[in-house]
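Enquirer: Now for the letters of each chain:
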Amino acid sequence: MQLVLEKRAERSKTIALVSPLIAIGLTIITMVILFAILGKNPMLALHAYFIAPLTDGYSLQEIAVKATPLVMIAIGLSLCYLANAWNIGAEGQFLIGAVAGSWIAVKTQGTDAGAWVLPVMLVLAAAAGALYALIPAICKVKFGASEILTSLMLVYVADLFLDYLVRGPWRDPHGFNFPTTAEFDPVATVPLLIEGGRLHLGSIIALLVVAAAAILLGRTIKGFEIRVVGAAPRAARFGGFNANQLVILTFAVSGALAGLAGIIEVAGPVGHLQPGISPGYGFTAIIVAFLGRLNPLGILIAGLFLALTFIGGEQAQIAMKIPLDVTKVFQGILLFYVLACDSLILYRFKLVFPNRQVARGIG
Amino acid sequence: MRKSLLALAAGLLLAGSVSAASAADKLKVGFIYLGPIGDLGWTYQHDLARQALVKELGDKIETTYLENVPEGPDAERSIEQLVRAGNKLIFTTSFGYMDPTLKVAKKYPNVHFEHATGYKRNPNMSTYSAKWWQGRYIQGLIAAKMSKSGVLGYIGSFPIPEVVSGINATILAAQTINPNIKVKIIWANTWFDPGKEADAAKALIDQGADVIMQHTDSPAAMQIASERGKLAFGQDSEMIKFGPKTQLTSILDTWGPYYIERVKAELAGTWKSEDSWGGLDSHMFAMAPYTNMPDDVKKIAEDAQAAITAGKLHPFKCPIVGQDGKPVECKGGDHLDDGQILGMNFYVKGIDDKLPGK
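In order, the protein sequences belong to chains C and X.
For what it's worth, the working numbering labels the leading residue of the first sequence as 1153, then goes sequentially.
For what it's worth, the working numbering labels the leading residue of the second sequence as 15, then goes sequentially.
FYI, nobody ran anything at the bench for these hints, they're computed from the structure.
These numbers were taken from a predicted model, which means no experiment stands behind them.
The C-beta atom is built at its ideal place from N, Cα and C for all residues, glycine as well.
Be aware that one or more of the hints could be misleading.
Among the chain C residues that face chain X by a calculated CB cut under 8 Å, a handful are [unchecked claim]:
| no. | residue |
| --- | --- |
| 1 | Glu-1214 |
| 2 | Pro-1421 |
| 3 | Ala-1471 |
| 4 | Asp-1494 |
Chain X on its own, in the form it takes in the complex (with noise of 0.2 Å):
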């Protein structure tokens, strides 16, 4: 027993003194993730991403990431332990590491950082999101078409703008079909909990609704409309074992193609801070297969992905009236504009709920 403590001991202190080699040259990238890998969701594509990019760059570059780390005071440290740890370009893949991500990319400006979904920018620090309300407005379509009690389900996460541009989105879609369609909202106030999502999911089809829609990021209530025999969205991922009779699509966040882009830049010396809003035309996400439906709503959903791929059809088409019968300002010309949907705070007329905080 004593023999064994001191070899470890010794071997304590060999290790010290090993650790510091190993591949030099290569451009070491991190992440920061705000799930475990396993969440089959939000963290789980920007993981498959990653893995994308080590096998289109994994010779000049090695990654590292940092899983279920909180939106709290622990991010600033967890961010910065990969500065430290010599990553050169971080992707904080959140919206509630914005304020973090700020605040360490000022201490270091010789390294670059991409954060997901949020509007602080800094000369080293870029901003990346999709306009996922471009895939709301298909599924609301779906939705209408396919919804038999004209209610839907749909679970939010936090009242910030991404979500409530994709409720408003959705509703204005299913208006086009069902002018008198109804949606339940239940905010879960979380991003990643399949407990409460679940509850939210069980709670949505008591008050009636039959399509389930979510802005959380497990398949939880995939399976409990699944369970119900009821029809769901699928969300960040591809959802469809988790209800093979259930999924009508899902978006499918797909940032392979952003993060290999970003990382051949910083390769390259070319790296510039950014704010990229990629759509259905720039493949920042895509429709998962349409699926569970009739030949004709399939028909009206590809129509649709491929007007709003085309440029031809935008989901916030004016004129749009606000809950108040007011309607909103138009500042895009037909359309609202980006900056519009970016802050979005409000919600459109037909939807019989009030807005967290309005």
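The following block holds chain C by itself, in its conformation from the complex (with noise of 0.2 Å):
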């Protein structure tokens, strides 16, 4: 007797809209064991990671401002994975944007120059990130590069080139050395929601991203044209549909809103560029598109949980003296047990009889 896999003649649908819950239950009773082994009361560590950052307002906020960057970038590329274009550089299009509208913030400084600045930084970014994300499009289309790798290696020259920005030409004259340019003006930062908070308009901009590839994906032809390319290239053939012009489009649009996302990042919560303005945010993004079945929604959703489950482990390692790691190692088993499962929306579970394998192998 054996047990293998097998793969479903369809998709299940049930197994699609259940498999989240079974992966979040089974990651809290594998916590719970290992929050036991270390002597901790689970009940309270799962409330700690789970319930306590939901029942104030400051960690609402906090988790807002930690989604904004993951949900707009992981929109961005839903578009490129729905249509088979694999963009790996999401996090080189974020600093890419950061620099380019930090140009204007740095030049202008202590100028006062107007209203007019932060848009043209939004727009800027926008469009640097656009551009370096067409690199590896255009290579692709027209050299057949594997964009897997000209994008991700270009996350690599976009880090080292902020690097030297800071330390050199935008160094903070009065930063003591330390690699930094000066704080942006008020014109140049982002506003704030909420006096005294740190929820900012990016978390805005971030929703109406959503609600805008909502409307794309749902109700437009573009949107159609961007799925069957992806689901049914032969058919998107017969369709008359350009394989090649919706790579350059949907890594644009990615690179864009990757962009977006790195400028309102650093003019937003940080206030200044400096290395390091990225936790990975254009890799944890991946996960988030795919935690979210490359949906909208489901993006938004994901991207949340994820930001939960950050401000989370800083309050277990507050409230109960957990250590990161754990927050860590929880982080790893959730996306583990996401992917097993969602293996059962396309295989099942089979028992096997020896017997019935040689029948089947004579048949």
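Put the two chains together into one complex, using the hints given.
Expert: Laid out in structure tokens, this is it:
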């Protein structure tokens, strides 16, 4: 007798809906065991992770702040992935956007330039992100270069470019040589939504992006094209859809969104340009995109959920003295179960008996 | 399965009502750490000091720390989380937390903050640091005596004044022994990255350095020097077990007494915003035992330590000549004043390298 995975004839709709819940359930059970082994009260620990951050306005704000860049980038990536274009370099597009927008902020520093500064920064960042994403897209369309490799490698180029700027020409002259620009002027800063809080205009922009993506994918021909090219390339060709054009388009859009997220992060919560502005948002967003099943609303939920685990992990560190490593284990276990449960959408477990196998072999 | 899930859900609801009650009248003291507490260097020493604090005042205080907090957008949130968890005195233990600490301090005027190694203060935000350049001077003497190749290897973190003043103090001391001493400098651009630190040590040794010094936080360089049969200085903590035949001495960060003093002041209601910059005389740091060197070198080191502690020897004694060949203005009488050292942004003559960004 043997337990094997067998491919389903069609995707199971029920499992697709239930699988994230099973994953969360399994994660919670595993964590309860882990907390018990560590000698912590599992109920209090889970409370600190999942419930406490949702019970006060401050933590909710922080979750939104943390989720904003993740959701924005993941929406762009989902368009790429739906169209079968594999943009892995959102981190680089995020950084280039941050650099391009900061250029205006640095150049207008102390000149009291006026209200046009921030809008121009946002537009420039989006444009720079899009152009940067077009490099791998064009290399793929013209020369057949793997966009996975080229987009990934451009991340390091962007990272070092930013590094050079803040250590060299853009360094704060009064910053004692520390690699950072001076704090941006108020006109170059993303406005806060709540006085004294940290929630900023970027979160609203992220919500607009989610809505726009939902309309694009659900209600427009372009959205239909994207999905067809990804799901059935041959059918798309017969339908007269141009796959190359879509690679260019989706890369440009996702680059623009990543760039926008970059400048919003820099001109918002950070307030100046420095190395390390992204704790890997561009890569985490790939996880968010897939956790959200490449669906705009799903991505919004996935982004908020991942942000919750960050904030909750920090509160667990404070309230329960649970080490940071446990939070990382926790996130890892969650992703592991989500992916494992997802395989049940396409596959099912089946018990195979040796005699039947033989029979099939003969037949 | 379903039953246990239900039980879980019920437990979660119950837990909500329990969590608030704990020792309410103890003073809560929070710490933000840059690295993991197991970095065996900078963060490790801060945590040892925290443990000393708990040992001394454990019945009156409760401590909490957050480790691995990056010097970026997350720092502000982490500090604020500590405030919101009821901490009344918060130590933020790295230079890069300066602006985030100041932002949170302005928002919560009733909470007191202590920021390590920075220069921005507020009525509720103190700064504290140590005059490590005094220790670097002693290391410079030892290094020049022990180096056969006449080339020292120096792993820098960031070219900020704290690090630059350490390099200058080292070379000024070394020149008193060997006027032609050379120093090779590699900037790791990180405080803690064992891989990068090890690579830097290898590169320095390949370039002929036979004594390795570092301003980064892990024992990686000590291990490489040990493997390659060279000598090295530890940093922040006692690193002799990573190089029993390698470590000459180490500058030990001993924050414990300061932390205890500040928490006592907080408990007594006498805490004030201050700028503390302590040297060997105030025990803000200490030198590890002088090992792996002949007795005459050991004596030079011990004599220098005694002279600096007694205030008879100042590492930045004038005249000091800058890299450009011009003498540096002497604002402190016969030595540079504290402000000049705190803002040090130049190399002294004899360093055959360019300060990044100069």
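Enquirer: Hint by hint, which ones does the structure fall short of?
Expert: 4
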